[in-house]
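Chains A and B, in that order, give the protein sequences.
Sequential numbering of the first sequence, starting at 99, is according to this note's numbering.
Sequential numbering of the second sequence, starting at 21, is according to this note's numbering.
Quick caveat, the hints were computed from the structure, so don't treat them as lab data.
The reader is advised that the hints may include incorrect statements.
Unchecked claim - With a Cα cut of at most 30 Å, we get these calculated DSSO-like pairs of lysine-lysine: (1) LYS139/A x LYS214/A; (2) LYS210/B x LYS150/B; (3) LYS411/A x LYS296/A; (4) LYS243/A x LYS163/B; (5) LYS243/A x LYS210/B; (6) LYS163/B x LYS240/B.
What the hints assert, rightly or not - What the simulated footprint calls covered on chain B by chain A, stretch by stretch (three residues with Cβ under 8 Å from a Cβ of chain A suffice, anywhere in the stretch; the number is not a length): (7) 103-112; (8) 116-125; (9) 139-151.
This one's a predicted model, so the numbers in the text were calculated from it and none came from an experiment.
Where is the CB? At the ideal position from N, CA and C, for every residue including glycine.
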Amino acid sequence: MVINSRFFNRSELLGFLALAALLLVILPLSLDIFRLNLVAKYLTYAFVGIGLVLCWGYGGILSLGQGVFFGLGGYCMAMYLKLEASSVANTKIQSTPGIPDFMDWNQLTSLPFFWKPFHSFPVTLLAILLVPAFFALIIGAAMFKRRVGGVYFAIITQAIAAILTILIVGQQGYTGGINGITDLRTLHGWDIRTDHAKFILYFVEVVLLFGCIVAAQFIRLTKLGRILVAMREQEDRVRFSGYSVANFKIFAFCAAAVFAAIGGAMFTLEVGFMSPSFVGIVPSIEMVIYTAVGGRMSIFGAVWGALLVNFAKTSLSESFPQLWLFGLGALFIAVVLAFPNGLSGIWADHIQPRIDRLFASRKSKSAAGMIADGAPAE
Amino acid sequence: MLVGHQPKDFLLAVSGLTVSFDGFKAVNDLSFYVEENEIRVIIGPNGAGKTTVLDLICGKTRATSGSIQFRGQELTRLRENEIVQAGVGRKFQTPSVFEDLTVFENLEISYPRGRTVFGSLTFQRDDAVKQRVEEVAEMIFLKDRLNTYADQLSHGQKQWLEIGMLLIQDPDLLMLDEPVAGMSVSERAKTAELLNRIIKDRSVLVIEHDMKFVEDIAHKVTVLHQGQILSEGTMEHVKNDPKVIEVYLGH
Numbered sequence: 099m100v101i102n103s104r105f106f107n108r109s110e111l112l113g114f115l116a117l118a119a120l121l122l123v124i125l126p127l128s129l130d131i132f133r134l135n136l137v138a139k140y141l142t143y144a145f146v147g148i149g150l151v152l153c154w155g156y157g158g159i160l161s162l163g164q165g166v167f168f169g170l171g172g173y174c175m176a177m178y179l180k181l182e183a184s185s186v187a188n189t190k191i192q193s194t195p196g197i198p199d200f201m202d203w204n205q206l207t208s209l210p211f212f213w214k215p216f217h218s219f220p221v222t223l224l225a226i227l228l229v230p231a232f233f234a235l236i237i238g239a240a241m242f243k244r245r246v247g248g249v250y251f252a253i254i255t256q257a258i259a260a261i262l263t264i265l266i267v268g269q270q271g272y273t274g275g276i277n278g279i280t281d282l283r284t285l286h287g288w289d290i291r292t293d294h295a296k297f298i299l300y301f302v303e304v305v306l307l308f309g310c311i312v313a314a315q316f317i318r319l320t321k322l323g324r325i326l327v328a329m330r331e332q333e334d335r336v337r338f339s340g341y342s343v344a345n346f347k348i349f350a351f352c353a354a355a356v357f358a359a360i361g362g363a364m365f366t367l368e369v370g371f372m373s374p375s376f377v378g379i380v381p382s383i384e385m386v387i388y389t390a391v392g393g394r395m396s397i398f399g400a401v402w403g404a405l406l407v408n409f410a411k412t413s414l415s416e417s418f419p420q421l422w423l424f425g426l427g428a429l430f431i432a433v434v435l436a437f438p439n440g441l442s443g444i445w446a447d448h449i450q451p452r453i454d455r456l457f458a459s460r461k462s463k464s465a466a467g468m469i470a471d472g473a474p475a476e
Numbered sequence: 021m022l023v024g025h026q027p028k029d030f031l032l033a034v035s036g037l038t039v040s041f042d043g044f045k046a047v048n049d050l051s052f053y054v055e056e057n058e059i060r061v062i063i064g065p066n067g068a069g070k071t072t073v074l075d076l077i078c079g080k081t082r083a084t085s086g087s088i089q090f091r092g093q094e095l096t097r098l099r100e101n102e103i104v105q106a107g108v109g110r111k112f113q114t115p116s117v118f119e120d121l122t123v124f125e126n127l128e129i130s131y132p133r134g135r136t137v138f139g140s141l142t143f144q145r146d147d148a149v150k151q152r153v154e155e156v157a158e159m160i161f162l163k164d165r166l167n168t169y170a171d172q173l174s175h176g177q178k179q180w181l182e183i184g185m186l187l188i189q190d191p192d193l194l195m196l197d198e199p200v201a202g203m204s205v206s207e208r209a210k211t212a213e214l215l216n217r218i219i220k221d222r223s224v225l226v227i228e229h230d231m232k233f234v235e236d237i238a239h240k241v242t243v244l245h246q247g248q249i250l251s252e253g254t255m256e257h258v259k260n261d262p263k264v265i266e267v268y269l270g271h
């Protein structure tokens, strides 16, 4: 492994390898393409979770509006795909050929200006990263410079999620309305609807996910990561150590937004459409729940949380569609009350020590090494 | 009294400082001057506005009117972090350290480099940082606790850690709010020794109730009462001022 032991300590390295083995080998070999595509869909929320770990777990900024950024990323991707699917040849029965079908239904006769850049694939990729980051920058600057934080910030992000949903639904001619942007076909000429494409996209997504994990881990290990923790505890002390607390919060919020947007863009590719139902209040809160269940202090925990809760959601909602939401609520309450650090907390507090003891009884020397590894990174 | 323009050799010039909270003037038309390398102690009964004065200087509280000049720079218009960067360090009354970080990390965060977002992303823990952290850790009696999480420290050790965090900032003006409050007798003696060592080459503004401690370190004492200066001068002068004896020292 190229990654040195300082970047990932022993247990993190094991977590990384276990996750890589599961996602790259075990699941692709054992699941059919339908189920694998479902896993791909679950994993899009893992991106959001990684962002929330940085922003909420480390920085203490609870955002209940990550759906906004997930949606912005997803819509950017969907706009590109939709334009590609709306070629003049494909849309010649419309009264205005060459524009997306829903625009034609809404009596639009030309492509709105903000759709035009999405003809270009490189611009789209940039927009997926920059549009949510810019949006987060504006929200963050407006809130954090004025020292709005905690519950108030959470409520405002909720409101923004609601506003964006209403906006998308209301501006049907420009956004596709409540149905979202559907009937997406090709990415740069490559059909994304085939089983083979879904298989490839799954691996692209997993690689991107590991890229994001490494990026988040990098941020966590820099001084910035420690300042986020410091800020969560003693905001004033950070301020009086010469740091602009607002700028650090804005950074954490923007980083979380970019991670969420990558997830959103992958969601559009995996699922084949994007709609306001992934933007609003309920999905935003669900994303927080995945992170809380996985453990808001653990990057890997967030991935496991997204996988397991969504897996439970699919299996339970297949069998008991009415009960699922109650189950999710109960799960969240149980986690918050009993295991505030989520699954990763249970792992670190109960399972890891047992494994360590097992090793210790076998080889006392390697145990000493493990304790040294567990010491805080220098 | 100097009005209008102050000579440059004052490090800190507070003039006409007033702050009112819903009409209550916690600090009322306060003026005082601190010279380079001076150790000034502010004493006064509870509610005299001592902590508020420090809050005003470090930017935690915004002044209603008046001016605070630090090396000719107007502090009332700066943000807290800019005031720190100008060279003013502040210790709070209750120890405020980062409990989820180690002693080393606590000190490192206060190291005056890489204070922007980008700077902190590219910050390297090089030998200069390590050396300085170890140096300061030794001064604050925590050299063998560098990898201890701050929440494991005793109250006195946390106070020392916060003093260490200020030291590493290397401020020109150090403001300490009751640095020995809540400490055991032996910790108190050690703290006095520590403070005597760190106050060299800088100006210090201290709030303290421990008269023995004040007498030991103060160059000049300012007595506050109801947001105004009751008396100012050497400890000897202040101690014999009948007004001070009546409201503060007499009982």
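Three or more residues of the stretch 139-151 of chain B near chain A by CB distance under 8 Å?
-> Since three or more residues must qualify, the claim that chain A covers the stretch 139-151 of chain B holds, with 5 doing so at under 8 Å.
Check whether three or more residues of the stretch 103-112 of chain B sit with their beta carbon closer than 8 Å to a beta carbon of chain A.
-> Three-residue rule met by the stretch 103-112 of chain B, so holds; n is 5.
Do the alpha carbons of LYS210/B and LYS150/B lie within 30 Å of each other, as the hint requires?
-> Holds. LYS210/B to LYS150/B sits at ~24 Å (cutoff 30 Å).
Count the residues of the stretch 116-125 of chain B with a beta-carbon closer than 8 Å to any beta-carbon of chain A: does the count reach three?
-> Result for this restraint: holds, n = 9.
Starting from LYS243/A, check that the Cα of LYS163/B is at most 30 Å away, please.
-> violated (37 Å)
Going straight from one Cα to the other, do LYS243/A and LYS210/B come out at no more than 30 Å?
-> Violated: LYS243/A and LYS210/B sit about 40 Å apart, past 30 Å.
Given hint LYS240/B paired with LYS163/B - CA-CA distance at most 30 Å = The given pair, whose Cα atoms are some 33 Å apart, is violated under the 30 Å limit.
Within a Cα-Cα threshold of 30 Å, do LYS411/A and LYS296/A meet the stated pairing?
-> holds (22 Å)
Pair hint outcome, LYS139/A versus LYS214/A [Cα-Cα no greater than 30 Å] | holds (28 Å)
When each numbered hint is compared with the structure, violations occur for hints 4, 5, 6.
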